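Q: Residue strings, one per chain:
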Amino acid sequence: NAGVTQTPKFRILKIGQSMTLQCTQDMNHNYMYWYRQDPGMGLKLIYYSVGAGITDKGEVPNGYNVSRSTTEDFPLRLELAAPSQTSVYFCASRPGQGIETQYFGPGTRLLVL
Amino acid sequence: AQSVTQLGSHVSVSEGALVLLRCNYSSSVPPYLFWYVQYPNQGLQLLLKYTSAATLVKGINGFEAEFKKSETSFHLTKPSAHMSDAAEYFCAVTPGSQGNLIFGKGTKLSVKP
Numbered sequence: 012n013a014g015v016t017q018t019p020k021f022r023i024l025k026i027g028q029s030m031t032l033q034c035t036q037d038m039n040h041n042y043m044y045w046y047r048q049d050p051g052m053g054l055k056l057i058y059y060s061v062g063a064g065i066t067d068k069g070e071v072p073n074g075y076n077v078s079r080s081t082t083e084d085f086p087l088r089l090e091l092a093a094p095s096q097t098s099v100y101f102c103a104s105r106p107g108q109g110i111e112t113q114y115f116g117p118g119t120r121l122l123v124l
Numbered sequence: 111a112q113s114v115t116q117l118g119s120h121v122s123v124s125e126g127a128l129v130l131l132r133c134n135y136s137s138s139v140p141p142y143l144f145w146y147v148q149y150p151n152q153g154l155q156l157l158l159k160y161t162s163a164a165t166l167v168k169g170i171n172g173f174e175a176e177f178k179k180s181e182t183s184f185h186l187t188k189p190s191a192h193m194s195d196a197a198e199y200f201c202a203v204t205p206g207s208q209g210n211l212i213f214g215k216g217t218k219l220s221v222k223p
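Residue numbers (my numbering), protein chains in the order written: chain A, 12 to 124; chain B, 111 to 223.
No wet-lab data here; the hints were simulated from the structure. Here the structure is a predicted model, which is why all the values come from computation and not from measurement. Be careful, since some hints might not be right.
When the alpha-carbon atoms are kept at most 25 Å apart in a straight line, the in silico DSS-like pairs for lysine-lysine are as follows [what the hints assert, rightly or not]:
{"no.": "1", "chain 1": "B", "residue 1": "Lys168", "chain 2": "B", "residue 2": "Lys178"}
{"no.": "2", "chain 1": "A", "residue 1": "Lys55", "chain 2": "A", "residue 2": "Lys68"}
{"no.": "3", "chain 1": "B", "residue 1": "Lys179", "chain 2": "B", "residue 2": "Lys168"}
{"no.": "4", "chain 1": "B", "residue 1": "Lys218", "chain 2": "A", "residue 2": "Lys55"}
{"no.": "5", "chain 1": "B", "residue 1": "Lys168", "chain 2": "B", "residue 2": "Lys218"}
{"no.": "6", "chain 1": "B", "residue 1": "Lys215", "chain 2": "B", "residue 2": "Lys159"}
{"no.": "7", "chain 1": "B", "residue 1": "Lys159", "chain 2": "B", "residue 2": "Lys179"}
{"no.": "8", "chain 1": "A", "residue 1": "Lys55", "chain 2": "B", "residue 2": "Lys215"}
{"no.": "9", "chain 1": "A", "residue 1": "Lys55", "chain 2": "B", "residue 2": "Lys159"}
{"no.": "10", "chain 1": "A", "residue 1": "Lys55", "chain 2": "A", "residue 2": "Lys25"}
{"no.": "11", "chain 1": "B", "residue 1": "Lys178", "chain 2": "B", "residue 2": "Lys222"}
{"no.": "12", "chain 1": "A", "residue 1": "Lys20", "chain 2": "A", "residue 2": "Lys55"}
{"no.": "13", "chain 1": "B", "residue 1": "Lys215", "chain 2": "A", "residue 2": "Lys20"}
{"no.": "14", "chain 1": "B", "residue 1": "Lys178", "chain 2": "B", "residue 2": "Lys218"}
{"no.": "15", "chain 1": "B", "residue 1": "Lys178", "chain 2": "B", "residue 2": "Lys159"}
{"no.": "16", "chain 1": "B", "residue 1": "Lys215", "chain 2": "A", "residue 2": "Lys68"}
{"no.": "17", "chain 1": "A", "residue 1": "Lys68", "chain 2": "A", "residue 2": "Lys20"}
{"no.": "18", "chain 1": "B", "residue 1": "Lys218", "chain 2": "A", "residue 2": "Lys20"}
Under 8 Å between C-beta atoms, here's a sample of chain A residues computed to sit facing chain B [claimed, not checked]:
{"no.": "19", "residue": "Gly53"}
{"no.": "20", "residue": "Leu54"}
{"no.": "21", "residue": "Gly118"}
Here a beta-carbon is modelled for each residue, glycine too, at the ideal position from N, C-alpha and C.
Modelling step: build the complete structure from the supplied sequences, incorporating the hints.
A: So, in structure tokens, the structure goes:
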């Protein structure tokens with residue numbers, strides 16, 4: 012049981028480039044989340060999904076897109092990378108019944124230059 | 111709107127000393143409260159959670175937190191700090207059963223030998 016896995020671990024992008032951050036969970040969780048973490052700012056919710064085919068915006072969705080075609084995968088897409096998107100990105104999941112723990116992946120560190 | 115305030119972005123204690131990390135919340139509905147820990151270059155891991163069952167909540171690694179409605183607080187304590195407790199700690203709130211966590215900005219705990 013790998014839990015929540017994220018790839019890549021680290022990436023450098025040039026301004027204007029695009030990329031997809033991958034997130035996969037093998038716990039059959041319905042809910043999945045994408046957060047960004049900036050120093051001294053805690054975690055901010057970018058997008059979330061309550062099940063395959065259903066996504067919704069969080070607090071800071073601008074500049075990002077998501078899709079959820081399967082229960083396991085929840086990729087995050089950056090279309091036109093900007094320096095403001097330099098951050099550490101975390102994916103998380105939870106079963107979806109009641110007040111359960113969110114399980115976090117190890118994170119992707121992204122640097123946009 | 112729900113929010114979380116963590117007092118002190120950096121706390122330093124000596125090994126064996128009491129650890130006290132402060133968290134105050136604002137919520138228009140009965141809150142569910144969480145403490146997560148993040149070790150360097152890792153994702154977040156749940157320490158403990160309050161879901162209205164008991165006001166004193168015990169978590170992993172000897173940590174506990176007490177929910178005080180009158181003070182809108184959920185402070186994290188550990189009687190005796192260990193070097194391995196050095197990490198960043200995040201308090202989070204979720205309004206009702208929706209499950210979208212709102213995080214505080216984090217408190218980095220340093221433990222001196």
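Q: Taking the hints in turn, state whether each one holds.
A: Evaluated hints:
1. Lys168/B - Lys178/B: This hinted pair holds, its Cα atoms lying about 15 Å apart.
2. Lys55/A - Lys68/A: 11 Å, holds
3. Lys179/B - Lys168/B: Holds, because 18 Å separates the two Cα atoms, which is no more than 25 Å.
4. Lys218/B - Lys55/A: 18 Å, holds
5. Lys168/B - Lys218/B: Holds: lysine 168/B and lysine 218/B sit about 21 Å apart, inside 25 Å.
6. Lys215/B - Lys159/B: Holds. Lysine 215/B to lysine 159/B sits at ~18 Å (cutoff 25 Å).
7. Lys159/B - Lys179/B: This hinted pair holds, its Cα atoms lying about 15 Å apart.
8. Lys55/A - Lys215/B: OK: lysine 55/A and lysine 215/B at ~10 Å, within 25 Å.
9. Lys55/A - Lys159/B: Since the Cα atoms of lysine 55/A and lysine 159/B sit roughly 19 Å apart, the hinted pair holds (cutoff 25 Å).
10. Lys55/A - Lys25/A: Status holds; Cα separation ~23 Å.
11. Lys178/B - Lys222/B: 30 Å, violated
12. Lys20/A - Lys55/A: The given pair, whose Cα atoms are some 19 Å apart, holds under the 25 Å limit.
13. Lys215/B - Lys20/A: Holds: lysine 215/B and lysine 20/A sit about 23 Å apart, inside 25 Å.
14. Lys178/B - Lys218/B: 23 Å, holds
15. Lys178/B - Lys159/B: Distance of about 14 Å is within 25 Å: holds.
16. Lys215/B - Lys68/A: This hinted pair holds, its Cα atoms lying about 21 Å apart.
17. Lys68/A - Lys20/A: 24 Å, holds
18. Lys218/B - Lys20/A: Within the cut-off at roughly 23 Å; holds.
19. Gly53: 4 Å, holds
20. Leu54: Holds. Min distance 4 Å.
21. Gly118: Cβ of glycine 118/A sits 6 Å from chain B, so the hint holds.
Taken one by one, the earlier hints fail for this structure only at number 11.
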